[in-house]
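Protein chains in written order, with the numbering used here: chain A, 84 to 317; chain B, 84 to 317.
No lab work stands behind these hints: they were computed from the structure.
Just so it is clear, CB atoms sit at the ideal spot from N, CA and C, and this is done for glycine as well.
Please note that a few of the clues may not be correct.
What the hints assert, rightly or not - Distance condition first, Cα-Cα at most 27 Å in a straight line; then the derived DSSO-like pairs of lysine-lysine:
#, chain 1, residue 1, chain 2, residue 2
1, B, Lys166, B, Lys264
2, B, Lys92, B, Lys114
3, A, Lys166, B, Lys250
4, B, Lys131, B, Lys210
5, B, Lys210, A, Lys250
6, A, Lys131, A, Lys217
7, A, Lys217, B, Lys114
8, A, Lys163, A, Lys131
9, B, Lys253, A, Lys264
10, B, Lys253, A, Lys253
11, B, Lys217, A, Lys163
12, A, Lys217, B, Lys250
13, A, Lys166, B, Lys114
14, A, Lys163, A, Lys129
15, A, Lys253, B, Lys217
16, B, Lys163, A, Lys163
17, B, Lys217, A, Lys217
18, B, Lys201, A, Lys250
19, B, Lys131, B, Lys163
20, B, Lys166, A, Lys163
21, B, Lys166, A, Lys210
22, A, Lys210, B, Lys163
23, A, Lys114, A, Lys129
24, A, Lys253, A, Lys264
25, B, Lys166, A, Lys201
26, A, Lys197, A, Lys217
27, A, Lys166, B, Lys92
28, B, Lys129, A, Lys166
29, B, Lys129, B, Lys201
30, A, Lys253, B, Lys114
31, B, Lys166, A, Lys217
32, A, Lys163, B, Lys264
33, B, Lys264, A, Lys166
34, A, Lys253, B, Lys250
Stated by the list, open to error - Residues of chain A placed beyond 12 Å of chain B at every Cβ, according to the derived structure:
#, residue
35, Asn95
36, Met113
37, Lys129
38, Asn139
39, Leu141
40, Asp143
Protein chains: 2
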Amino acid sequence: MQRYFAVDKCNNSFVLADSDLHHICHVMRMKSGDFIEVVFERVLYKCKVDIGANVNILFDSVMDSHDESHSIVLVVPVLKEQKMDLVLQKATELGVSRIIPVVFERCVVKVNDKESRKLDRWNRIVKEASEQCKRISVPIIDNVCSISDLNFSDGVKLVCSTRENSKNIKNMMHNILECAKMYIVVGPEGGLSLDEEQVLNEMGFVSISLGNRIMRVETVPLFVLSILNYEMME
Amino acid sequence: MQRYFAVDKCNNSFVLADSDLHHICHVMRMKSGDFIEVVFERVLYKCKVDIGANVNILFDSVMDSHDESHSIVLVVPVLKEQKMDLVLQKATELGVSRIIPVVFERCVVKVNDKESRKLDRWNRIVKEASEQCKRISVPIIDNVCSISDLNFSDGVKLVCSTRENSKNIKNMMHNILECAKMYIVVGPEGGLSLDEEQVLNEMGFVSISLGNRIMRVETVPLFVLSILNYEMME
């Protein structure tokens, strides 16, 4: 069954975005009486499509409501379009809760007045990926920020480092899984500057190594998130 | 130092592909006396560039020669161009030894007389990725084949399954790591047909689940390879 995220609920019907209604009528070519899955406020509903003068999405039954056991916040550099899209899509598939795009010293992409257009695009990507991989929440994407905004008081805080030799993700895993909330910083191409890593360390981020492989920057979040999913597997 | 894979060695000099010589002279704009890394037959050499009427790549010293502790053979469906490129590049970064492209029942991509052009393209991608991530071997890519060709006598053989409930990659890891050679089959979009999975099971491939996440087909190899890298981390 096709899944959509509703923007509102009104009595026994749901409000979907115009683009989703278009998808239902003109891409999926659904008819009155067809069923869809609708997610609203982290609850999954079975709904009936009713197509008349307007398209109505009518409540049928509650299917599921559950939440992730861990909340993973991913801090990523602002990357070139294709790489950023890949990271957003794959991080969504791999269950990330929130994505914070940061401009680091060595970021090649400049952020300017086009930022709101970028954000719209990024939000569309994570929404579509959430529908496709049947999540019941869409990751939140923060506004583009700088390293000094990464001041969090709760959870375990990690920074993927190419300088760290002694602590790797494997021997730190026990500490990582103890916390229900994790923040993971991935640096840009060329890595974090020494200054940046020190600032993060002072803010409580622990530098960890990901082993000996040399990975492209867009591979790193997928690598870390795959491992976390694996370790949380029952 | 820039890394290149040599096609031959002749006394104290190495033979590089024309495209690599072009890269050295016209992209990197190296001069006589500059050093590069050259890999030949899984040994890493430091070499000096000598540019005259011809470009000579002269032996300087041996830098490294080591091999992966495990050999990972990845069996993947033939995918559309962009997804296939992504899988090849990322699988190379994550240390795969050999990639076997297979046409499954539900593959949407047809393979025809363009196969040799596809193979050339794929080989170029894994060579460039190997140079970029500083491997000392380039993954071997087999000719496109069918499921009946996957008859291997050695190693642990796994098929990523959406049907399997009891055995997941985590509780099978102990058995997996016992073998120095592993074969991992990833199915196409829409999954393997029941018939295909049964044929593979009869050939000794054990069906394993990757947990509850719904992943796009191109995410699956990256997920599995990330986990294997993690488990092999010291």
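Here's how the hints hold up against the structure:
1. Between B:Lys166 and B:Lys264 the alpha-carbon distance is near 26 Å, which keeps this suggested pair within the 27 Å criterion.
2. Only pairs whose Cα atoms come within 27 Å are accepted, and B:Lys92 paired with B:Lys114 is accepted, the gap being roughly 21 Å.
3. For the hint linking A:Lys166 to B:Lys250, the alpha-carbon distance of about 34 Å lies beyond 27 Å, and the restraint is violated.
4. Of the pairs offered as hints, the one joining B:Lys131 and B:Lys210 holds, with about 21 Å between alpha carbons and a cut-off of 27 Å not exceeded.
5. Annotation: proposed proximity of B:Lys210 to A:Lys250 is violated, straight-line Cα distance about 31 Å (limit 27 Å).
6. Of the pairs offered as hints, the one joining A:Lys131 and A:Lys217 holds, with about 18 Å between alpha carbons and a cut-off of 27 Å not exceeded.
7. Restraint check for A:Lys217 and B:Lys114: the C-alpha separation of about 55 Å exceeds 27 Å, so the hint is violated.
8. For the suggested pair A:Lys163 and A:Lys131, the alpha carbons sit about 40 Å apart, so the restraint of at most 27 Å is broken.
9. For the proposed pair B:Lys253 and A:Lys264, the alpha carbon gap of about 22 Å is at most 27 Å, so the pair holds.
10. For the hint linking B:Lys253 to A:Lys253, the alpha-carbon distance of about 14 Å falls within 27 Å, and the restraint holds.
11. The suggested pairing of B:Lys217 with A:Lys163 holds, with an alpha-carbon distance near 23 Å, which does not exceed 27 Å.
12. Pair hint A:Lys217 plus B:Lys250 holds up; C-alpha atoms about 23 Å apart against a cutoff of 27 Å.
13. Taking the CA atoms of A:Lys166 and B:Lys114, the gap is near 33 Å; set against the 27 Å cutoff, the hint is violated.
14. At roughly 38 Å between alpha-carbon atoms, A:Lys163 and A:Lys129 are farther apart than 27 Å, so this suggested pair is violated.
15. A hinted pair counts as satisfied when its Cα atoms are at most 27 Å apart, and A:Lys253 with B:Lys217 qualifies at roughly 23 Å.
16. A threshold of 27 Å between alpha carbons decides the hint, and for B:Lys163 with A:Lys163 the separation of about 22 Å falls inside it, so the pair holds.
17. Distance check on the hinted pair: B:Lys217 and A:Lys217 sit about 37 Å apart at the alpha-carbon level, beyond 27 Å; violated.
18. Proximity of B:Lys201 to A:Lys250 is assessed by CA-CA distance (about 42 Å); at most 27 Å being required, the pair is judged violated.
19. The straight-line distance between the Cα atoms of B:Lys131 and B:Lys163 is roughly 40 Å, outside the 27 Å bound, and the hint therefore fails.
20. Restraint check: the Cα-Cα separation between B:Lys166 and A:Lys163 comes to about 18 Å, which is no more than 27 Å; the hinted pair holds.
21. Between B:Lys166 and A:Lys210, the direct Cα distance comes to roughly 20 Å. Compliance with the 27 Å bound is thereby established for this hinted pair.
22. Annotation: proposed proximity of A:Lys210 to B:Lys163 holds, straight-line Cα distance about 23 Å (limit 27 Å).
23. Distance check on the hinted pair: A:Lys114 and A:Lys129 sit about 16 Å apart at the alpha-carbon level, within 27 Å; holds.
24. Taken as a hint, the A:Lys253 and A:Lys264 pair is honoured in the structure, with Cα atoms around 18 Å apart against an allowance of 27 Å.
25. Between B:Lys166 and A:Lys201 the alpha-carbon distance is near 23 Å, which keeps this suggested pair within the 27 Å criterion.
26. Restraint check: the Cα-Cα separation between A:Lys197 and A:Lys217 comes to about 30 Å, which exceeds 27 Å; the hinted pair is violated.
27. At most 27 Å may separate the alpha-carbon atoms for a hinted pair to count; A:Lys166 and B:Lys92 exceed this at roughly 37 Å.
28. Restraint check for B:Lys129 and A:Lys166: the C-alpha separation of about 32 Å exceeds 27 Å, so the hint is violated.
29. For the proposed pair B:Lys129 and B:Lys201, the alpha carbon gap of about 32 Å is over 27 Å, so the pair is violated.
30. For the suggested pair A:Lys253 and B:Lys114, the alpha carbons sit about 43 Å apart, so the restraint of at most 27 Å is broken.
31. At most 27 Å may separate the alpha-carbon atoms for a hinted pair to count; B:Lys166 and A:Lys217 meet this at roughly 21 Å.
32. For the suggested pair A:Lys163 and B:Lys264, the alpha carbons sit about 37 Å apart, so the restraint of at most 27 Å is broken.
33. Distance hint between B:Lys264 and A:Lys166 is unfulfilled; the C-alpha atoms sit about 32 Å from each other, more than 27 Å.
34. Restraint check: the Cα-Cα separation between A:Lys253 and B:Lys250 comes to about 23 Å, which is no more than 27 Å; the hinted pair holds.
35. For A:Asn95, the condition that its CB be more than 12 Å from all CB atoms of chain B holds, with the nearest at approximately 28 Å.
36. The claim that A:Met113 is not at the interface with chain B holds, since no C-beta of that chain comes within 12 Å of its own (minimum 21 Å).
37. For A:Lys129, the condition that its CB be more than 12 Å from all CB atoms of chain B holds, with the nearest at approximately 18 Å.
38. Every beta carbon of chain B lies more than 12 Å from that of A:Asn139, the smallest distance being close to 28 Å; the non-interface claim holds.
39. Look at A:Leu141: its CB is around 26 Å from the nearest CB on chain B, clear of 12 Å, so calling it non-interface holds up.
40. Every beta carbon of chain B lies more than 12 Å from that of A:Asp143, the smallest distance being close to 22 Å; the non-interface claim holds.
Of the numbered hints given earlier, the model fails hints 3, 5, 7, 8, 13, 14, 17, 18, 19, 26, 27, 28, 29, 30, 32 and 33; all others are met.
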